[in-house]
Amino acid sequence: MATDHLDILESHAIFIIREVVAECERPVLLFSGGKDSAVLLHLATKAFAPNKIPFPVMHVDTGHNFQEVIDYRDERVDTLGLQLVVASVQEAIDKGRVPDPGPLGMRNRLQTTALLDAINAHKFDAAFGGARRDEDKARAKERVLSFRDRFGQWDPRAQRPELWQLYQGKVNPGEHLRAFPLSDWTELDVWNYIRRENVPLPTIYFAHMRPVIKRDDMWLSVGDFVHPQHGEVIERHMVRFRTVGDASCTGAVRSSADTLDAIIKEIETSNVSERGATRADDRFSETAMEDRKREGYF
Amino acid sequence: MATDLLRFATIGSVDDGKSTLVGRLLVDTRQLFDDQLAAVEAASQKRGVGDLDLSFVTDGLRAEREQGITIDVAYRYAATPERKFVIADCPGHVQYTANMATGASNADVALVVLDATAGLKEQTRRHLCIAGLLGVRHLIVAANKMDLVDWDEATFRAVEKDVNDVAHRLGFDTPIIVPVSALHGDNVVEPSYLNTWYDGPTVLAALNSAPAGAWASSHDGARLPIQWVLRQPGGGRTYAGMINGSTLSVGQKVRLLPAGVDTTIVGIRGPRGSMDSAEPGLSVDVDIAEDTSAGRGDVLASEPFPTVTNEISATVCWFADAPLSAGQRLRLKHTSHSTPAFVDAVTSVVDVDQLSLTDAEQLVRNEIGHVTITTADPLSVDDYRSNRVGGSFVLIDEKSNATVAAGMIGHVTFA
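The listed protein sequences correspond, in order, to chains A and B.
Residue 117 is where the first sequence starts when you use this note's numbering, and the numbers rise one by one after that.
Residue 19 is where the second sequence starts when you use this note's numbering, and the numbers rise one by one after that.
Mixed in with the good hints there might be a few duds.
What the hints assert, rightly or not - Calculated lysine-lysine pairs in the DSS-like style (CA-CA distance at most 30 Å, straight line):
id, chain 1, residue 1, chain 2, residue 2
1, B, Lys417, A, Lys162
2, A, Lys162, A, Lys381
3, A, Lys330, B, Lys64
4, A, Lys168, A, Lys286
5, A, Lys211, A, Lys239
6, B, Lys139, B, Lys179
7, A, Lys162, A, Lys239
8, A, Lys330, A, Lys381
9, A, Lys162, A, Lys211
10, B, Lys417, A, Lys286
11, B, Lys417, A, Lys239
12, A, Lys286, A, Lys162
Keep in mind that the hints were calculated from the coordinates and are not lab data.
Kindly produce the complete structure, drawing on both the sequences and the hints.
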């Protein structure tokens, strides 16, 4: 069996996962139910087989979910025998930790508070995330092991040097690390790996008929969290999701790709980046992601 | 080791055009999505730097765009029909040398960008020196801004001579030196039609044919630093880690170090199942014949074995604000092993301009020098020049946990 670049990326990610688990006291894996966290979970399974994954998974729940994703999350947790921690944005709103953006308001940014509160409450000192450097220009700058101070903040001007594969994960009490084993993977690498490994995914990644409206040049799924406003018209289209996020601000793409082969073909010829196609939250400003990350976002 | 993935780092002085060259490479090989290109155009116009400032493709931080410099490494990804690239676009400013070293430490190739009209600057020499110490052997040199001197051949030949001289003294392979204009795209992806005297490869052609996978192997001995112990259902244990050095095979005689127990590999399992042998760079877990108490920090090694020692003599690049001097206590991380360490002596510092060593008793921030270190635990070390994994370590401040130095076992010499 010849090794190709997917084998190298896979082995590197497994190495990082093992290293963080060995160096940190209480790691957790951030599991959104999206494709990147699905791959991350698959790699964590491989890193410790035949033993169970030696840490819990955390879902930062905005309360605006696609039911298919929640079903998928629960199925994975059951099948793999995982401990699930849910950090709830709704709870943070109810407790007055964050302002209530209203029933239809965007909740992505509020996830930061729920995430940091849960990290503190559970004394997690490392949180694995599925973020990739090709997603965004701020992520492109981030270390594989990314230090967070007591306030959960990322300081892009003072990152720890990270040489060779000497990932060092020591933090003082109250501080934590974010660990990104998929840093060097591209969107296409993730899909090719999902196909090679048969990684299970939520059904919304595959083309299906869905009622949608067009808002800010994106197709939003009509449902509990998105209602037509000011003359917006409900249409029915074959769509799929290229990313999975808060249901109120994650756009679908028109697509007939209902198999992994078809999805990979589609991505290979796409002219638009995955966040550009599907995330309203990155459209506010030139440095939306950097600004959120500085506050402690994923 | 797969050769269809090349990791390269751009190095060189600030303002010589590294980020612009990477931007040019990505744009001209059509790696950018329409929305990403539109965002770069919008940001360029907002800051009044023309229609399209190519450096904004990688300079993504707010402060970088405001100041027009690269602060930290940007990682970008590109694919050509020949291979995939992981690009580390490193900062050029001396203040961010640690970030440059971060980007260069895993590189197969250094893409050196220099301003051909300004010659070889001290900062470019410093970067070349660090890249050389880090074990990068292969250089592709973009002699940039040739448009500013109307593609004057004499300007290029002068730079070419200086680069070849420095590369030789630092032990690099003979570099490929390409006259380019990153701004206009000449000889980056497309050959230039403006010059008639250069008939070598473009930067992209040189990258497509450069040797890959250098960092993981180059040594005769196989190494498996143990990261984690897995308990098998039958009651036995297997040892997990990533292989370096050379291929590890079932049936191979190995020694568990530092204990010194001889044993045999009886099983290897990789990410895709059982294997008879596994290459450097693969994460595996292995079963060995002897029942040992091996654990994290130990290494399974084949001949020639690493040296087991508490005293190491090394070349370090120092990153902290306060100087490094004898008597300091730090934590040292080598492969999967962390141990307290004392700096016994700082003996010399590298003069990056002269490429020579001078006696010294301390290293200030961003200086490179020779030190001797005593560790609390014995380490199983290789010379860095024969094995990058077994020969490298970092020093960590015990209070802040900051990484304050990159260390390479063995001493640097200059030709």
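Hint check results:
| no. | hint | in the structure |
| --- | --- | --- |
| 1 | B:Lys417 - A:Lys162 | 34 Å, violated |
| 2 | A:Lys162 - A:Lys381 | 27 Å, holds |
| 3 | A:Lys330 - B:Lys64 | 28 Å, holds |
| 4 | A:Lys168 - A:Lys286 | 24 Å, holds |
| 5 | A:Lys211 - A:Lys239 | 20 Å, holds |
| 6 | B:Lys139 - B:Lys179 | 14 Å, holds |
| 7 | A:Lys162 - A:Lys239 | 26 Å, holds |
| 8 | A:Lys330 - A:Lys381 | 25 Å, holds |
| 9 | A:Lys162 - A:Lys211 | 39 Å, violated |
| 10 | B:Lys417 - A:Lys286 | 10 Å, holds |
| 11 | B:Lys417 - A:Lys239 | 20 Å, holds |
| 12 | A:Lys286 - A:Lys162 | 24 Å, holds |
Comparing the model with each earlier hint shows violations of hints 1 and 9; every other hint is respected.
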